[in-house]
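> The residues making up each chain are set out below.
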Amino acid sequence: MIRPDVTIPFDHQQSAHCETGVISNLMRFHGLPVSEPMAFGIGSGLFYSHMPFLKMNGIPVTSYRILPGWIFGRFTKKLGIAIKRMKFRDPKAAMDELDRVLAQGLPVGMLTSVFYLPYLPKAFRFHFNGHNIVVFGKEGDEYLVSDPVMDGTTRIHRTALIRARFAKGMPNIKGSMYYPTSVPTDADIRKAAIRGLRRTARDMSNTPLPMFGTKGIGYLAGKLRKYEQKLGERDARLALGNLIRMQEEIGTGGAGFRFIFAAFLMETANLLDRPDLRAHALTMNRIGDLWRDFAYEAGRLCKGSAEAHITFPYLADKLEAIGKEETAFFKELHAVSKTL
Amino acid sequence: MKKDEVPQDDANMLEGKFKVVKYALNEKGEFEKVPSVGWEPENVALSQAWDVINEKVEAARQQVLKGGASPLLFHMEKNMMDIALLAKYMGLPTGKVKRHLEPDGFAQLDTILLTQYAEVLLITVEELKRVPA
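Sequence lines, in order, name chains A and B.
For our numbering, count along the first sequence from 1 and bump the result up by 39.
For our numbering, count along the second sequence from 1 and bump the result up by 268.
These are calculated hints, taken from the structure and not from any lab test.
Don't be surprised by glycine CBs; every beta carbon is placed ideally from N, CA and C.
Honestly, I wouldn't trust all of these hints.
As the list claims (entries may be wrong) - Facing chain A, a subset of chain B residues (Cβ under 8 Å, in silico):
| no. | residue |
| --- | --- |
| 1 | Y291 |
| 2 | A292 |
| 3 | E295 |
| 4 | M348 |
| 5 | I351 |
To be verified - Listed next, the in silico PhoX-like pairs over lysine-lysine satisfying Cα-Cα at most 20 Å (straight line):
| no. | chain 1 | residue 1 | chain 2 | residue 2 |
| --- | --- | --- | --- | --- |
| 6 | A | K94 | B | K334 |
| 7 | A | K230 | A | K94 |
| 8 | B | K270 | B | K287 |
| 9 | A | K230 | A | K131 |
| 10 | A | K363 | A | K117 |
| 11 | B | K366 | B | K346 |
| 12 | B | K366 | A | K161 |
| 13 | B | K301 | B | K270 |
| 14 | B | K271 | B | K334 |
| 15 | A | K269 | A | K94 |
| 16 | B | K346 | B | K334 |
| 17 | B | K287 | B | K271 |
| 18 | A | K117 | A | K230 |
| 19 | B | K334 | A | K161 |
| 20 | A | K213 | B | K334 |
| 21 | B | K324 | B | K270 |
| 22 | A | K262 | A | K363 |
| 23 | B | K270 | A | K161 |
| 24 | B | K334 | B | K285 |
| 25 | A | K161 | B | K324 |
| 26 | B | K271 | A | K126 |
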């Protein structure tokens with residue numbers, strides 16, 4: 040099936056995180072302007088979990104957000120947006136369907152593996168099958184791409200796109216693509232923001248298991264304290280490096296998500312005319328700084344260039360302190376959220 | 269963090285292709301997106317991860333040169349795959365792939381499988397049959 044060239048006028052805006060960036064860009068196209076922080080907040084994206092039993096590329100998973108795809112799901116559900124989602128067995132069928140939707144003038148979101156995206160810098164290209172991009176046109180054998188982490192749009196060859204869409208492993212993405220079919224442009228953003236905020240505050244402060252929510256931070260701190268005794272110096276440093284990678288890769292992670300959430304609180308304060316929420320935004324921002332400082336010192340220890348006082352127990356103390364701050368913060372935010 | 273605190277530690281991780289953005293407080297007390305060329309702990313963690321990968325690739329290359337493994341091992345490591353992932357891409361049982369990682373097993377590969385391996389590993393069949401000297 041040969042389809043003509045298409046260029047859909049798509050307003051690409053750079054974002055800190057791919058999933059929320061794609062939501063924001065797609066919604067603006069469909070006449071519902073929401074910022075990236077709003078998308079993150081409404082979709083209750085912020086979370087914390089440390090799961091030593093779950094490994095990705097052999098590294099225990101520490102996550103600072105809910106599962107990939109869930110932000111999108113929660114966001115669209117809260118605002119009554121209908122999304123068409125598809126997976127394929129056959130790459131050709133997946134590309135034909137993409138061409139068909141593009142020909143209707145609709146930009147298409149999809150999951151890709153960063154390993155197979157040649158336009159990304161090499162240092163970031165690991166086997167990670169959860170990167171969201173938008174394709175908004177095609178020219179001959181090339182597709183026009185809005186990759187939310189980039190400052191401008193780019194292109195990708197059909198063959199490369201097929202590879203990226205059909206990357207195997209965890210998760211098996213099978214050409215997964217999605218596009219909104221109906222977006223209510225009069226959706227109640229204020230109500231959705233309140234509900235999103237409440238959900239995040241609740242989930243962070245009320246989890247029954249020790250590895251989830253703000254409790255999980257203390258749980259990881261306990262593990263970190265024993266890293267060196269348990270693993271030996273070299274492996275302890277590698278484990279710490281992996282922890283930072285999980286925390287901070289490509290501008291998001293621990294501190295990054297806190298800053299996006301702080302921006303969401305600030306925007307919500309303005310939207311609802313609730314100046315008290317601005318103070319919470321600033322507190323969240325300060326906690327983000329604590330995560331940032333933690334990663335900075337942890338990075339020094341990994342590199343072996345840390346001052347003598349930076350040790351594993353020292354870092355564990357810092358992490359434990361962050362856990363305590365967040366526990367208090369989200370408890371209070373949960374109380375406040377009931378008054379909104 | 270404040271706008272002027274957004275880290276700008278360039279280790280050429282982004283190859284000058286673009287800058288990432290971070291949310292930070294501006295002078296008016298609102299958040300805005302601020303471009304960043306990189307941040308030290310991220311750079312350290314990334315280069316540490318690459319060191320581990322490169323070590324594995326080099327160890328594989330040495331092993332191939334000594335005749336202890338087929339060139340497939342080197343190219344698998346170079347693509348950051350393990351046997352399970354490579355087997356998935358090939359649609360083969362892991363046991364078969366394991367066998368192809370040995371020099372004898374590799375020597376018995378037919379053109380069809382060689383071509384398929386080369387495609388999966390993004391190289392030519394000629395490249396698949398050797399490792400860099």
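> Does K161(A) sit within 20 Å of K366(B), going by the straight-line distance between their CA atoms?
violated (28 Å)
> Against the 20 Å threshold, does the CA-CA distance of K213(A) and K334(B) hold or violate the hint?
violated (39 Å)
> Is K287(B) close enough to K271(B), meaning Cα to Cα at most 20 Å?
holds (15 Å)
> Quickly compare the C-alpha distance for K301(B) and K270(B) to 20 Å and report which way the hint goes.
holds (11 Å)
> Measure nothing beyond the straight line between the CA atoms of K230(A) and K94(A); if it is 20 Å or shorter, mark the hint as holding.
Violated, at roughly 37 Å.
> Does K285(B) sit within 20 Å of K334(B), going by the straight-line distance between their CA atoms?
violated (39 Å)
> Hint check: K270(B) vs K287(B), CA-CA at most 20 Å. Holds or violated?
At roughly 18 Å apart (the allowed maximum being 20 Å), K287(B) and K270(B) satisfy the hint.
> Keeping to a limit of 20 Å between CA atoms, is the pair of K363(A) and K117(A) held or broken?
violated (31 Å)
> Is the straight-line distance between the alpha-carbon of K324(B) and that of K270(B) 20 Å or less?
violated (40 Å)
> Mind checking the alpha carbons of K346(B) and K334(B) for me, to see if they're no more than 20 Å apart?
holds (18 Å)
> Can you confirm whether the C-alpha distance between K334(B) and K161(A) stays at or below 20 Å?
Violated, because 30 Å separates the two Cα atoms, which is more than 20 Å.
> Does E295(B) pass the interface check with chain A, least Cβ-Cβ distance below 8 Å?
violated (14 Å)
Comparing the model with each earlier hint shows violations of hints 3, 5, 6, 7, 9, 10, 12, 14, 19, 20, 21, 23, 24 and 26; every other hint is respected.
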